[in-house]
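K.L.:
Here is what each chain is made of, one letter per residue.
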Amino acid sequence: MTDAWPLVAALRDPASTQALDAHGWNALIAMARAERLVGTLAHRLADIQVPDAVRPILADARLDTDREAAQALWEADRAAQALGPLGIPVILLKGTAYAAAGLRAGEGRFIGDLDILVPRDRLDAVEAALFAAGWEWVKPDPYDDAYYRQWMHELPPMIHATRDRMIDVHHTILPLTARQTPDAAAMIADAVPIGNGLSILSPEDRLCHAAAHLFADGDLAGGLRNLWDIHCLLVDGMEHDPDFGLSVMERAAHHQLAKAVWRALRLAYRLYATPVKACRAPALFDYRPQRGDWLFAARMLARDGWGRETRKALRFAFFVRSHWLRMPPAMLARHLWTKWRKGHRPA
Amino acid sequence: MRHSLTLRIGPATFRVGSAWRAPVDDLARLYADYPQERDAIADFTVRLDPTSALRRFFRPSIHITGDHGLADAAPMSLAHGLLAAEMGMNLQMALGWRRHLLLHASSVEKDGRALVMTGESGSGKSTLAAQLGERGWRLMGDEFALLDCVTGALHPFPRLVSLKNKAIDVIASEVSESRMGPLLAATAKGDIRHLVPRADAVARMAQPAMPALLLFPRFGGEAAVRPVGQGEVFMRLTQASTNYVALGEPAFAALSRFVATVPAAAIDFPSGDAGIALVDQLWADLP
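Sequences listed follow chains A and B, in order. To convert, take the position in the first sequence, counting from 1, and add 2; that gives our numbering. To convert, take the position in the second sequence, counting from 1, and add 12; that gives our numbering.
Any given hint could be a false lead.
Some chain B residues well away from chain A (every beta-carbon gap over 12 angstroms; in silico) [as the list claims (entries may be wrong)]: (1) THR25; (2) LEU90; (3) SER133; (4) ALA235; (5) PHE246; (6) THR250.
Dumping the calculated SDA-like pairs for lysine to any residue here, alpha-carbon to alpha-carbon at most 20 angstroms [to be verified]: (7) A/LYS314 <-> B/LEU298; (8) B/LYS122 <-> B/MET247; (9) A/LYS141 <-> B/ALA83.
No lab work stands behind these hints, which were simulated from the structure alone. For each residue, glycine too, the CB sits at the ideal point set by N, CA and C.
Go ahead and model the full structure; you've got the sequences and the hints to work with.
P.N.:
Here it is as structure tokens:
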């Protein structure tokens, strides 16, 4: 079975693309588009000699991601404007944060919705302020609404009526029903202001959040992209502090995320050759594969040269796992039953 | 994928993969005179997937997708496989093309100058372009016109012309059977047959032309010509473009220049012959 190794190889070592023939390039581009990594690939290959037919494809990808970044920053600006009077920190998460702070992970990154983190005790005020500024609910279903409000780490998604862009307002980084409880108050307290009323998480918390998002929540859709974020965040962090990996693990332990973060670092090392540093003291960390890692890697690489999803059974298993992680069994059974009756079927 | 074909139309190269042989065979035959290099690097991948494992064999049903896809794409019968492949290529262009401003318009060329026709589906722009293409004009495309944002030139995208319902007989009566695709009966848009553009349209598909006249055709009603103001032309062309927003300022500049320099009119015509007569008259009146 073919899988997405050529994409991983091209990202970790752009020069490896010199060996590709037309078939190889077609596969690489289809995989990169399907994994929403084509903009990142275009940035990685910026200084590499590529065939004439590939150059405009990469230029188009750069154009698209540059426009997306501009659009994402404008959305962040609009949110800052709407929430300014509340006097609370508006913390950008994920793609928008990387773009706003000029981080390596933001280079060529596809940015979807605007994700922000705000203090939980100010959620009502945030909601009201966003409404007043033109955002409205996406999901009119009362069950979905209750699902988000009771159990999730974010408000139901909202969309701006005229700009047609979504915003996810988080008050913590994992569902309330998940088994781990990260310390959202500490994340907010340690956030780094970047001007214009906006902040981003501290370098350690950025990595904890990316790892939690990838391995403690969700079904690993877009896994290669999210793992690339983790690779970049670690490389950025180590430029300032050679022991950055260690401070990340320390912070992860505080957030009950040590398992997810360690797995993230092991898999980033294995797939993207992230320059992690093993250590023996104060705690033993190495980056040899551990039980189950190969399953995560296989799931993330489940994409063929036509951009098709492969390993259907493994994908489904991770879909089931994502729900298992999110809530206790009885609650999960009730949730799935309700969604099934409403006609929802897993893809 | 099991069956595949790489195909170049105008400036774009497509890699079409299909779970079934028939759609690829149809494409290979109807696009026989177009470049089909097995070892080309494609701009886009198009896939005709079964909607489920069962639907590969039992009452086969096609899910059209590729680099760009629509979550709610309607499944299509394998009997309409050729149409599915065409729609798959159109979808990639509409959602992914960034090298020109893409206008949902037909276009034909004469003496190095292009006539552009835009309008809703069913306005007759496709049929009119096909008819002009048989009468001394070079067909540049029946679906997408590609405007170069730097030079202002129009680039051809001469894919197969998609003829619908009554237009099928009109065109089939004046071209050889070998240039007509199979009858695709009762599709979502009615009956459809594809027309292979004339050899000169294919041979010259890399040659752009400067736009000289823009028409908003409407089939039906008394023959009439109405002026259209520049503001309205601009708005209608932004609506006729799928990538105007994505291209940003260069698209605005190119479209502004197009609107300021290319005369425009709306025409009504009761028959193909009347439409052609109107076009000839307006073309002759150009400075």
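K.L.:
Looking at the structure, which of the earlier hints fail to hold?
P.N.:
1, 7, 8
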